[in-house]
Amino acid sequence: MNPTRPVFADLHLHTVASACAEVEMIPPLIVRRARELGVELLAVTDHHTVENAAAVQEAARPAGIRVLAGMEVQTREEVHVVCYFDDLDQAEQWQEMIWSRLPGLANRPEFFGDQYVVDATGAYVRTNERLLQTSTDLSFEEVFSLAEQWGILAVPAHVDRPRYSLFANLGVLPEGVALPGVEISRNLTPEEALRRFPSLRGLGMLQSGDAHRLEEMTNATLLKLEAPTAQEIRKALLGQGGRSVKILQASGGIAWTGGGEHGRTA
Amino acid sequence: MVQAVPLKVLAGSSFLDRPVTGGYASDMLSLVMAGAKAGNVWVTMQGHPNVAAVASLLGLAAVVVTEDSPVDPATLQRAEENGVPVLTTGLDTFSLVAELSRLGVRGVRSGPGS
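Residue numbers (my numbering), protein chains in the order written: chain A, 877 to 1142; chain B, 4 to 117.
Mixed in with the good hints there might be a few duds.
Pairs of lysine to any residue residues, derived as SDA-like cross-links and limited to a Cα-Cα distance of at most 20 Å, are as follows [to be verified]:
id : chain 1 : residue 1 : chain 2 : residue 2
1  : B       : K40       : A       : A1044
2  : B       : K40       : B       : V23
3  : B       : K40       : B       : Q6
4  : B       : K40       : A       : V1048
5  : B       : K40       : B       : L19
Because the hints were derived from the structure by calculation, they are not lab data. Since the model is a prediction, treat every value here as computed from it, not as a measurement.
Please construct the entire structure, taking both the sequences and the accompanying hints into account.
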């Protein structure tokens, strides 16, 4: 068995490819902020596109920061799910599939904002003119079943939010889906999340920034992984083979979640 | 109600005799859990299996899925098991609620004289 290594992570991050993100969300500034926060593992999770993932990966390489390609998918119930890929080609194939499940409308930048593809320096490359900020026609179950078929990691995003979330839109945890874990938003503690949603007990939790501006990036999630990959994050959420996840609040509190040796005892 | 609108029955046809206490319309299941009352008709576009679970939990009289939105087979199965009628219509939610209102179904928070 390879040794595990602790790494601070922020696994939900928007770039200027997301219509709702600020123009400051370009690769070099994201990397600078990650360094300030001591974050060594990022995931770029734009709305229905992976087009800026490679640029952030390139910008982060000299800083020793690993960047996963990811995507925030909106199910037809308007639940947000973050997906993580270990292979950029696969991410692009997934993007093709997802685009075929979107309504095929043009973005209206004056209403939603622009969707810019940029290079590693943040320079403009092109505009994505497709309407990305809307629902796919895939159900919550279908997204998770596709993720399983494709071998990618999928996690319900910001489950505590009053909209675009599992609990707001679907009320309770769906019976038919085996979730590897959940993401909670940056504004509450894991204890508060468990108090509000007792059914989360026993599930691994990630706390991510869902940053649309630099100050929203977070460093609360500490993962112990053998390698900085999506498959390793899955194992950490499930508490397998010495891998683990814990959330360190700014106040100094630590919350272990999920299974494994540290499950819910600390 | 089923004949007057009309609505198509997808599940729970043997449980259509329950008295209707009012109506509630939302696609956010968390709001339905907090706001709908026992015996209400719930109007939604959601066809997710959790719809049957929430309707059963609250003891709703029926669920009507609007705009012929897809209803998951698991939803129908759960609805049958839990005795929840699931109905569909091609009407959008606004138009259906107007029809139900015309038939005398009132919203849970309607004031007097509405």
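When you check the alpha-carbon spacing of K40(B) and L19(B), does it fall within 20 Å? holds (17 Å)
Restraint check for K40(B) with V1048(A), where alpha carbons must lie at most 20 Å apart: The hint holds at about 18 Å.
Hinted pair, alpha-carbon criterion (20 Å max): K40(B), A1044(A). Please report holds or violated. holds (18 Å)
Agreement of K40(B) and V23(B) with the hint, judged by alpha carbon distance not exceeding 20 Å: holds (10 Å)
Could you grab the alpha-carbon distance between K40(B) and Q6(B) and see if it respects the 20 Å cut-off? violated (24 Å)
Of the hints listed earlier, the one the structure fails to meet is number 3.
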